[in-house]
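Chains A and B supply the protein sequences, listed in that same order. Per the working numbering, residue 1 is the first one in the first sequence, and the count goes up by one each step. Per the working numbering, residue 1001 is the first one in the second sequence, and the count goes up by one each step.
Each hint should be verified, as a subset may be incorrect.
Think about it this way: if two alpha-carbon atoms lie no more than 30 angstroms apart in a straight line, the pair counts; the simulated DSS-like pairs of lysine-lysine are [unchecked claim]: (1) A:Lys16 x B:Lys1278; (2) B:Lys1117 x A:Lys75; (3) B:Lys1329 x A:Lys75; (4) A:Lys131 x B:Lys1009; (5) B:Lys1364 x A:Lys16; (6) B:Lys1106 x A:Lys75; (7) A:Lys68 x B:Lys1106; (8) A:Lys207 x B:Lys1364; (9) B:Lys1364 x B:Lys1213.
These are calculated hints, taken from the structure and not from any lab test.
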Amino acid sequence: MSLIIDHIDKSFGALKALDQIDFEVRDGELFGLIGPDGAGKSTLFRIMASLLIPEAGRCTMHGYDVVKDYREVRKIIGYMPGRFSLYMDLTVEENLAFYARVFGTTVTENYDLIRDVYEQIAPFKKRLAGKLSGGMKQKLALSCALIHRPQILLLDEPTTGVDAVSRREFWEMLKGIQKQGICTVVSTPYMDEAEMCDRVAMIQKGKLLDISDPSRPAPEEAPLLYSLKSNKGVYAYLDQIRNMEACKHAWLFGDQLHVTLRTEEGAVEMRALIESWGDPSITWKAIRPSIEDRFMGLMEHGSESQLTNGEQI
Amino acid sequence: MSRFFGFVKKEFQHIFRDVRTLVILFVLPVVMIVLFGFVVTTEIRDVEVGILDRSMDEASIRATQKIFSSGYFIPAGYLQHEEEIGEFFRSGTAKVVVVFEEDFEKQMQRENRAAIKLIADASDANSAQLSLTYLQGVLMSYFQSVNQDMQLPWSVHVESRMFYNEELKGVYMFVPGLMAMILMLISAMMTSVTITREKELGTMELLLASPLKPREIILGKVTPYVVLSLVNALTIVLLGYLVFDVPVVGSIWLLMLECLLFITLALSLGVLISTNAKTQQVAMFMSMLGLMLPTILLSGFIFPIDNMPKVLQWISAIMPPRWFIVIVKNIMLKGAGFAFIWKETLILLGMTFLLIMASVKRFKIRLN
């Protein structure tokens, strides 16, 4: 195991930021942390980066305790905080050179590791970091976090505030880094990005809801989840679907409506309702739950007992 | 070591790319010293003096001539009555009025004593006091020259001389004080601000999560300011010498060594402030209020310590600039060697040691 988080608690005053968080990350894994703003993701990252001390529980990085052996931990991690934390008044290459020196290495020594990332911003290497676009800033920050060839890479919301194209590129880079054998923990508020991870932990209000493995098919169940689509847009139908007897919960998913039924037989009631609208462009079909569906499903139940079986997989 | 130099290089890049920092570092000291040199002066020049001469004899006219040929005073005209004095003062025609009583010369020769009244407009107390002192000086020397011709049974002749500052120049007073103030400002305020800036911008989070040790971070941040502050100390001494003729009688090397000690002290104070301040504004405010004001008021820079109430005298004893100013005055003006300033130096050394210990101890290795 590269990283072990063992029942961690952390509070800020009356606010319980982390409540019995407990999971492990395997060697070379690309591990995702997903959850809304304020879920406690950044606090967890700071604990992993040895910057905060948990009130209870233990966190070890490659066997080094983040409290006791913080010196060792700081040598083997690459950390990219949620907020852009490079020097705005230094140029791209000056920032990179500075972080290389801080970690006692040089840019050329580990250039092969950051090549894929850095080549995209290399044309702007004389530009001040403060003048870069959001996507380029994140690529520079990633280069700086990687320059000393860390064993564990901690990325706190690296794609927040970045355009869709850059986000996709960024995730491809993370896949590339994974091939170099670096274990990566990455958090994101975007559900679609979670699909790129080997495994995903869902966090809400400081609690771990679930850990799922997107690549593994969900246990075969009766088709209860349906997706509705219409040229007119599905928003107008949301209330009627929710008022349906058979509907467990329903929410908007991009331009679609995802409906979870209570029983398999509920489909009959839904069919009747949809036909009553007389919308010729409407299509609907049973789908396999994505991470977002699972997450939304878990969140609907708020603080119910899902949390206890955190490690289902 | 490469780590350290990398840090120092980065710090210099910050400094040379920020116009505000550059202005504070290089323009402010020059402006301050020139301003203080020309504006805050304790000398008098061209004071308007009105004359009310009730005798109009040879002696009083000679005395009047003596006053206006001294170079400090210019004539504001003759008055006829004592009632006119108020008018002269109110309209600003004269700052001082000299009144010669009747039979001035006769009394002088007969009784060897004559009456002169000096009346000053004391709405500006300091310059009134100074003008009177200068006037008395001029008149005294005149009467002494007159008396030499006469055979007196006895005569006491007081000759005073001002050592180390023969002409009582104000610049001599404030160059050491200004040096303390500027070094304090640059060293303490700039370091406290630059360290809190890293906290505010979030870059400190990355520095903390790196293998850098606290002392490496502090030293890296502080070293450029040591160099720049030394440059400043030299600039001040040079400006004082070239523009205001303030000499450096003692060893310039000893002076610079003492400056280095004081800079180190101020820097550790700055680091200590930064460990307590969350934002640049707070750091700036703490340095200004906590360091600048005491430096100006309690260090003996402007107000003599001996005239302060006892409590303030005790407080001034823990003000580092107080001891530094004594050291600088001793070296620059008296040419004193180390043997005469070892006590003050030891006090500064002790303070520096305490401050460094406190700031390293207070420097947090984690967030919060």
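Taking each numbered hint in turn, which are not upheld by the structure, reported in ascending numerical order? Violated: hints 2, 3, 6 and 7.
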